[in-house]
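Residue numbers (the numbering used here), protein chains in the order written: chain A, 728 to 1186; chain B, 145 to 236.
You may find that some hints are simply not true.
Stated by the list, open to error - 27 Å max Cα-Cα, derived DSS-like pairs, lysine-lysine: (1) K1057/A - K1137/A; (2) K1048/A - K1121/A; (3) K168/B - K1049/A; (4) K984/A - K1089/A; (5) K168/B - K1121/A; (6) K1028/A - K1049/A; (7) K1089/A - K1139/A; (8) K834/A - K778/A; (9) K984/A - K168/B.
Read the hints as simulated data drawn from the structure, not as lab findings.
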Amino acid sequence: MEGFIQVAYLIASVSFIVAIKLLGSPRTARVGNLIGAVGMLIGGVATLFYKGIVRYEWIAVGFLVGTVIGAWLALTVKMTAMPQMVALLNGFGGAASALVAAAEAGKAWIENTLPQTTPFALTTIALSVLIGAVTFSGSLVAFAKLQELISGRPFLLPAHHYQSLLLLLVSIGATVGFVGERALLPLYGVGIAATLLGVWITLPIGGADMPVIVSFLNSLSGLAAAATGFVLNNYLLIIAGTLVGASGLILTQIMSKAMNRSLWNVFFSAVGMGGPTGTVGDRTVRSTTAEDVALMLAYAKEVVIVPGYGMAVAQAQHAVKKLMDALAEKGVEVRFAIHPVAGRMPGHMNVLLAEADVPYEKLYEMERINADFPQVDVVLVIGANDVVNPAARKDPQSPLYGMPILDVDKAKTVVVLKRSMNPGFAGVENELFYQPNTYMLFGDARASLETLTQALKEV
Amino acid sequence: MTELLFAVFVFTLSAFLGFELISKVPPTLHTPLMSGSNAISGVTLIGAIVIAGEMSTPTLAVLGTAAVVLATLNVVGGFWVTDRMLRMFKRR
Chain A
728 MEGFIQVAYL IASVSFIVAI KLLGSPRTAR VGNLIGAVGM LIGGVATLFY
778 KGIVRYEWIA VGFLVGTVIG AWLALTVKMT AMPQMVALLN GFGGAASALV
828 AAAEAGKAWI ENTLPQTTPF ALTTIALSVL IGAVTFSGSL VAFAKLQELI
878 SGRPFLLPAH HYQSLLLLLV SIGATVGFVG ERALLPLYGV GIAATLLGVW
928 ITLPIGGADM PVIVSFLNSL SGLAAAATGF VLNNYLLIIA GTLVGASGLI
978 LTQIMSKAMN RSLWNVFFSA VGMGGPTGTV GDRTVRSTTA EDVALMLAYA
1028 KEVVIVPGYG MAVAQAQHAV KKLMDALAEK GVEVRFAIHP VAGRMPGHMN
1078 VLLAEADVPY EKLYEMERIN ADFPQVDVVL VIGANDVVNP AARKDPQSPL
1128 YGMPILDVDK AKTVVVLKRS MNPGFAGVEN ELFYQPNTYM LFGDARASLE
1178 TLTQALKEV
Chain B
145 MTELLFAVFV FTLSAFLGFE LISKVPPTLH TPLMSGSNAI SGVTLIGAIV
195 IAGEMSTPTL AVLGTAAVVL ATLNVVGGFW VTDRMLRMFK RR
């Protein structure tokens, strides 16, 4: 039986590798995801035959509850709420890994085998609890911020980072204590300190930095599973967890690079703390009406739409698609420019536009479209701010300086759809709004877009 | 000791494999990649199943069952929501 289970685990490992490989291309991604799910099913079912398992009622109850809630979440979550959904699921995965490791320690304690456990095995137990707990509490805070249960602004206590450092040291100290003492008490210490640490790390992260932290927590949830794999000496867990850890780490890197910041800087600089920065003076912006914008668009040859988090907030993705169709009818070429950190998680905008049925060939990455902006007649900025702020290129004093941006300011005309003149999440004034070729269309993005589409049809 | 060494081998090779696999994913797929890989990290479920199914104390049974609930949520929710997203990515 043991051999049969190992073969099943091998098959599951291979399916995970294939799944991640196939998730890398739009044509094969869906099949890849299904292969991953089948691999998980094979691994799970094979485990039921493990000789140590003598009762199935708790497994059945747990499985049923988890399936019902998981399916309900997956089917009802709005596409705009995907970042918080991923954060929440990350947290659950981390918590499960920590619980499994803790239970292993508890089992060894009851069976009185802790004294014979190797220091390495003890370390992996503590690490698994540590990483799992950080993932859990950090993800819950990220979830609360994204769901706006708490403010999305950075939150810092006095000497906050020293407190975080202290919590990290206590977690490590308790880990050492657990390995040395071979008792459960220090392991509780690890769990408590690490849970607090997760909260402390995530509280200072502002909304605009969320793509980085969500990717980072994704990576941690994988590492927690890998650590649990070491505890159980289970290669399937090690392989799957490490793959996820690596993928999350790469996404984290891509995200921080897209903001021209190091991971260190994201964690410790709390961008968006103070008030607005940047010089405004008493300049004025040019406010415009939907009818005027409709005219501009109708006579344009090429239009580029730049979506941002504001589009998600206003649930405006379907209205954007309708505008795109109306423009296509007039023979106007429409493309979308997607900044890597637009929204609250990697690829957030792409998912929303896909939901609205915008073909993904219309979506252009920053590097592919930036050179084209000078030829673009009209750029429509929908709820994006920091990612189109020219201060990132021009003003060495700006906190955004050096961040790669979409060069929309070089287009012939820019129309910014915005609720009000509030600065973006980084709290930085946007030079773009005051440019002579920029017009502001104030109001709720979805309402503005609907009026705009209507006006366009009447031109 | 050899068993441990073997585990470290597997870990190291998996890390390299992970970096190789992921580095070429187009940004369009970043969100589904994240939620899909997230579901895979719910593989800790198999550890949870063993804990919940072994003959042990009530405390451990509760821990194990809680872990099964959380891991299943992670797995089912993750794969399902990824599929929901990927169904929307159609080529014209």
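Against the structure, the hints:
Restraint check for K1057/A and K1137/A: the C-alpha separation of about 24 Å stays at or below 27 Å, so the hint holds. Among the hinted pairs, K1048/A with K1121/A is inconsistent with the structure: their alpha-carbon atoms are about 33 Å apart, more than 27 Å. Between K168/B and K1049/A the alpha-carbon distance is near 32 Å, which puts this suggested pair outside the 27 Å criterion. With a CA separation close to 24 Å, the supplied pair K984/A and K1089/A stays within the 27 Å bound.
The straight-line distance between the Cα atoms of K168/B and K1121/A is roughly 31 Å, outside the 27 Å bound, and the hint therefore fails. Proposed proximity of K1028/A and K1049/A is supported: the alpha carbons are some 18 Å apart, at most 27 Å. Distance hint between K1089/A and K1139/A is fulfilled; the C-alpha atoms sit about 20 Å from each other, no more than 27 Å. A C-alpha spacing of about 16 Å is found between K834/A and K778/A, which places the hinted pair at or below 27 Å, so the restraint holds.
Simply put, K984/A and K168/B have alpha-carbon atoms about 16 Å apart, close enough for the 27 Å limit, and the pair holds.
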